[in-house]
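Q: Model the full structure from these sequences, guided by the hints.
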Amino acid sequence: MSPHSIAFLLALVASILIVLLIDRLLRPGLRGLLQEIVILPAATEFYLRAFAIVLVSVAIGAVLGSSFNLKDGARFMEYVWAVATGLKDVFQNLFVVLLVYVGLITVLIAALTRRQ
Amino acid sequence: MSNEHYLIVSYFLVGLVSLCLGIAVYRVLRTPFAAIAEAVIGKLRSQVLTRALGAFMTLAAVLGFLSVSYNERGCVNYEQVVKNRDSLVRTNQEQLQKTGDWIASAVFLWCFVVLICLLAAGSTPANRNDKT
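Residue numbers (my numbering), protein chains in the order written: chain A, 1 to 116; chain B, 1 to 132.
Since the hints were made in silico from the structure, they are not lab data. Mixed in with the good hints, there may be bad ones.
The calculated SDA-like cross-link candidates involving lysine to any residue, where the alpha carbons are at most 20 Å apart (straight line), are [unchecked claim]:
hint	chain 1	residue 1	chain 2	residue 2
1	B	Lys43	B	Thr31
2	B	Lys43	B	Arg27
3	B	Lys83	B	Ser2
4	B	Lys43	B	Ala55
5	A	Lys88	A	Leu17
6	B	Lys43	A	Ile39
7	A	Lys71	B	Arg85
8	B	Lys43	B	Ala121
9	A	Lys88	B	Met1
10	A	Lys71	B	Asp86
11	B	Lys43	A	Pro41
12	A	Lys88	B	Arg90
13	A	Lys71	B	Asn84
14	A	Lys88	A	Ile60
15	A	Lys88	A	Leu9
16	B	Lys43	A	Ala42
17	A	Lys71	A	Ser2
18	A	Lys88	A	Gly29
19	A	Lys71	B	Arg90
20	A	Lys88	A	Val56
21	B	Lys43	B	Val113
22	A	Lys71	B	Gln80
23	A	Lys71	B	Lys43
24	A	Lys71	A	His4
25	A	Lys88	B	Asp101
26	A	Lys71	B	Thr31
27	B	Lys83	B	Ala24
28	B	Lys43	B	Arg30
29	A	Lys88	A	Ile16
Simulated restraints, written as ranges between beta carbons of each label pair [said to hold, decoys possible]:
hint	chain 1	residue 1	chain 2	residue 2	range
30	B	Asn77	A	Val80	37 to 43 Å
31	B	Tyr11	A	Leu26	51 to 57 Å
32	B	Phe108	A	Leu20	19 to 25 Å
33	A	Arg75	B	Glu79	23 to 29 Å
34	B	Leu19	A	Val100	22 to 28 Å
35	A	Pro41	B	Phe108	19 to 25 Å
36	B	Ala55	A	Arg75	48 to 54 Å
37	A	Thr106	B	Ser67	54 to 60 Å
Even glycine gets a Cβ: it sits at the ideal position worked out from N, Cα and C.
A: Next up, the structure:
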């Protein structure tokens, strides 16, 4: 297996773990919030599924978009730096996604609670 | 496998994967979306919206795949494109990345569609209580 593939796989596994962690941390609170605001259970389910899809597609897309330029015989820290570069893109994209999602939920809360 | 064979196989394989990703996202979102649409605009018209969701997701995925060109990296002709295997692999990765980006954008857009549906339905607990 080439150093490029090893770094790519490490970054991929790390990004999947990060996505799972974020989803696990935010899902219960998000579900409670949505259930409180939206009376349709299907809407809660839709927003939670959309959240998961967007997180996964953006994180994996960021790893695929990163370039891991490692030569044969690369040292340990070179792998670490390569994976860190890949994860930087993952975090950047996740940051943007969370920002947009927070905006969306804020609009949802503002619009629906105003109608109460 | 020669570079030319790799190019042909990978192009169609990545295209198929992109299409399948779009369909998979549609299948994940279809059930809750159909329930929302049916509650808001009725069964007959909700089918139109649900089909639109499917078409939109599939189109977004295919668009992401097609938006990456093999000629973008300074390669003018076919021989230059085929010459470098690393560049071909990189292009395949970019195609999948763009597919993911387009799907994410499409999902966000449909989140706003659902928001509008919810607003139209006035589906807050208070509104429901008012109606009953």
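Q: Taking 20 Å as the top limit, are the C-alpha atoms of Lys88 (chain A) and Val56 (chain A) close enough?
A: 16 Å, holds
Q: Does Ala42 (chain A) sit within 20 Å of Lys43 (chain B), going by the straight-line distance between their CA atoms?
A: At roughly 15 Å apart (the allowed maximum being 20 Å), Ala42 (chain A) and Lys43 (chain B) satisfy the hint.
Q: Between Ala55 (chain B) and Arg75 (chain A), does the C-beta distance stay in 48 to 54 Å?
A: 50 Å, holds
Q: Decide if the proposed pair is consistent with the structure: Lys83 (chain B) and Ala24 (chain B), CA atoms, cutoff 20 Å inclusive.
A: 34 Å, violated
Q: Is Lys88 (chain A) within 20 Å of Ile60 (chain A), Cα to Cα?
A: 12 Å, holds
Q: Looking only at beta-carbon atoms, does the pair Phe108 (chain B), Leu20 (chain A) fall within the given range of 19 to 25 Å?
A: The hint (19 to 25 Å, Cβ to Cβ) holds, given that Phe108 (chain B) and Leu20 (chain A) are roughly 21 Å apart.
Q: Taking 20 Å as the top limit, are the C-alpha atoms of Lys43 (chain B) and Val113 (chain B) close enough?
A: 17 Å, holds
Q: Indicate whether the distance between the beta carbons of Asn77 (chain B) and Val80 (chain A) respects the range 37 to 43 Å.
A: Once the Cβ atoms are compared, 40 Å apart, the range 37 to 43 Å for Val80 (chain A) and Asn77 (chain B) holds.
Q: Quickly compare the C-alpha distance for Lys43 (chain B) and Ala55 (chain B) to 20 Å and report which way the hint goes.
A: 19 Å, holds
Q: Given a hinted range of 19 to 25 Å, is it respected by the beta-carbon distance of Pro41 (chain A) and Phe108 (chain B)?
A: This hint holds: roughly 21 Å between Cβ atoms.
Q: Within a Cα-Cα threshold of 20 Å, do Lys43 (chain B) and Pro41 (chain A) meet the stated pairing?
A: Cα-Cα ~17 Å, so holds.
Q: Within a Cα-Cα threshold of 20 Å, do Lys88 (chain A) and Leu17 (chain A) meet the stated pairing?
A: Given that 20 Å is the threshold and the Cα spacing comes to 14 Å, the pair holds.
Against the hints set out earlier in the document, violations occur for numbers 9, 18, 22, 23, 26, 27, 31, 33 and 37.
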